[in-house]
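We have chain A; now place chain B onto it with these hints.
Quick note, the sequences are listed as chains A and B, same order.
Throughout the first sequence, residue numbering follows UniProt numbering, covering 1 to 448 in sequence.
Throughout the second sequence, residue numbering follows UniProt numbering, covering 1 to 425 in sequence.
Be aware that a few hints might be false.
[Stated by the list, open to error] Derived DEER-like restraints, expressed as beta-carbon distance ranges:
hint, chain 1, residue 1, chain 2, residue 2, range
1, A, Gly348, B, Tyr29, 55 to 61 Å
2, B, Glu393, A, Gly348, 35 to 41 Å
3, A, Gln178, B, Glu393, 55 to 61 Å
4, A, Ala96, B, Asn384, 34 to 40 Å
5, A, Glu374, B, Gln66, 51 to 57 Å
6, B, Arg336, A, Ala190, 38 to 44 Å
[What the hints assert, rightly or not] The calculated DSS-like cross-link candidates involving lysine-lysine, where the alpha carbons are at most 25 Å apart (straight line), are:
hint, chain 1, residue 1, chain 2, residue 2
7, B, Lys370, A, Lys19
8, A, Lys162, A, Lys122
9, B, Lys234, A, Lys21
10, B, Lys80, A, Lys19
11, A, Lys21, B, Lys347
12, A, Lys21, B, Lys370
13, A, Lys405, A, Lys123
No wet-lab data here; the hints were simulated from the structure.
In this text, a Cβ means the ideal position worked out from N, Cα and C, and glycines have one as well.
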Amino acid sequence: MGVPNDLQNNFREVVPALKPKEAIDEANRCLYCYDAPCIKACPTSIDIPSFIKKIATGNLYGSARTIMDSNPVGASCARVCPTEELCEGACVLNHASKPIMIGLLQRHATDWAIQNNAALFKKGEDNGKKVAIIGAGPAGLSAARELARLGYQVTVYEAKEKAGGLNTYGIVSFRLPQEISLWEVEQIEALGVKIQTNTRIGVDIQAEELLADYDSVLLAAGMGNVPNLQIEGEELEGVLDAISLVEETKTKPLANDMVGKKVVVIGAGNTAIDAATCSKRLGAEIVQILYRRTANEMSCYQFEYEFAKQDGVEFRWLVAPSRILGENGRVKGLELTKMELGEPDAKGRKRPVPISGSEFVIEVDFVVKAIGQERHVSLIEAFGIQHQKGVVSVQDATYRTSNPKVFAAGDIIFGGGKTDAMVVDAANHGKRAAHAIHNALSDQKQPV
Amino acid sequence: MADLSINLAGIQSPNPFWLASAPPTNSGYQVQRAFEAGWGGAVWKTLGEPIINVTSRFAGLTFGGQRVFGFNNIELITDKPLEVNLKEMDETKKRFPKHTLIASLMVEHKQEAWHEIVKKVEAIGVDGLELNFGCPHGMAERGMGSAVGQHPDLIRQQVEWVKEVAQTPVIVKLTPNITDIRFTARAASQGGADAISMINTINSLMGVDLDKWLPIPHVDGKGAHGGYCGPAVKPIALNMVAECARDAQVGVPISGIGGISNWRDAVEFLLMGATGVQVCTAAMHHGFRIVEDMIDGLNNYLDQRGIASVMDIVGKAVPTYSDWGHLNLNYKVVARIHEETCINCNKCHIACEDTSHQCIDIIADEATGKERLVVREDDCVGCNLCSIVCPVEGTIEMVEIPSDLPPLSWNQRQAALAANGTNET
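Pulled out of the complex, with its shape left as it was, chain A reads as follows:
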């Protein structure tokens, strides 16, 4: 197997869109609850019964607008939200029949908007104020959209070549095709938002310049690459970073060097699952996820776990890599140490403890690291704002950092196990931070 053409097929969106009749049937099944629990379960508070009712009445423009009004990255979220844990999990029909397929209906409405080139929003009347946003991911874009509608001149600085952040680069194509994320970017650019890509703050532009040139700055940078495992052999060819692996499949022609190979992925979060299923779809013969705890402690979503198993990914619990073995500069094998579970840690997860003398070696061709992401500490420090290990401290309601002119949202304030770093949460942060900035800048105007 393994001509690139086949691989291309493997990266087509796996979940099919609803057929038109399916969408209408499903929309008519919604009870249109009052004070609906699905709205409360959505971090961006989309008026779900309303957008579904609008599908039922053929008002697809209105439906898409209702969704995107609450969530500027609503088309991406329709595909990547853990709906079982959010809206669909809260659906009252869970108790009576089956929950409404809210995610797929959201996709149905936003797909309509994409296919019909619908311009959903207009920019607000220019209020003469300028805001700089660092990072064009879900949080930054969401804030940019809201601020543009409120009449701000918004410039978004993005280190990468394209905007969209995680949605554009970090989520496997078979779950979220890049064009969906890029449509959301276009929607925001259409409101007059300037997105300056290939621009790094602290390298191409200094933090001081932004602070001097703008009325307010929003820090919405995401996270960086996967940190090192800190074991021997990490420099070998064939040791990959899960984030980069996914990114390559979205930006470059699919490579066939994994075809028929043995791949291990270290870690068991959602990124690890993505890396594993990606490897499988790149043609790897055997893909194993290695995790030092057990299935009970994994941080990936249940549906991701099921999806990976369907793809043929194997899971090995209670093992930790202790050494990567090479031959001629290439990965050849991996030494693993067996673990057992000890006392719970601060998050309540049982701590893995190595069993001494239990080391054994397996044969592998690729080792993919997926043990978390690095934080942009230098960027944070360039602004001289308070943080804890790269997590920017903000006042809860205002998203304001220790510098009153600087606000922060998204990954850069997630941390400490408070919440999952979901796209929809980042979008919500961005939206709220935008309104907090608006409040702060409007207050200045008012006479004392």
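Relative to the frame of chain A, chain B by itself:
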């Protein structure tokens, strides 16, 4: 954003969506909540001598899993003293001066009674009056409501009395419980009505309890006919609106009522001659918030067609509504089945085979072992039945077959025959 405001016989409203006179407009609290939700107007629940109501009062029809497909009630007009209603109406109008507030009225067949109530409600600044000649239950037995609405002379007389003192536009609400609504509509118009509204509810018995052998609903072991409404009555209402809209002798604007549940229904009523619509059952089913999609959907419909004002679509389909005798006998459509979306339920085949013209064959494809459905177009009469029973929208298309013959209606045909007959003699 299109201009959604309407002008119905001089009554201005920010949008065409009004709540009909009914339980949702029983109090200031409710009407004010409705205006906050976006409704353009409300016809206050009918004023008159306060009555005593019974329990229970409502019944719903569930059809094919859809609840409240039909609905009926045996509730009567207001149960509050006139002074209380007037005070709440006054407060409501003061809080929402730009919204439309209409007083629905029903009194006994006396000139003074009409004069008195009209003066009282106009004193508090309502935008118009709606005379309730429609309620089919309870009040009709006392000689009011549809008891009046079934007699053109009584309608004309009472409208005249009202017009003697009324300063605001007068809408006459008609009952559908009548052979031909145009006669009562014309009577209202002759009496001086500025507009008519239709339909009020239809006589109905919602159901019978299989275990208790009692009507649904029943009041302590007995039931009575109630007023039927909801999505199920829409075609009846739409026909009555269309008939009045194309009748030159009626000649007054129409407020459309009857089964309007969403913006699409509203657009149909507007196209068929209504200047605005009144809604009740859909609001009772889902709350006042349904108006949000009604407004949004209507606005998007107009915007997408580049139509600046909702008033521009009023009556646009009326000229296409005619009598059978004017339909073209030489026009022909036939059914075409799109195989790619056909799911082979074969419902079209059996509908045609058992109850229409036996022109859909099931052909077994020996190569694949599958069946397909084929229309013998020469035998198809274009009745639509197959496309109506087909569960997959768009799978059976009715396709026009061009005719060599010029258009010919029954009336033209008979006229031509008569002319030939004359020549022959």
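Any of the earlier hints contradicted here, and which numbers? Numbers 1, 2, 3, 10, in rising order.
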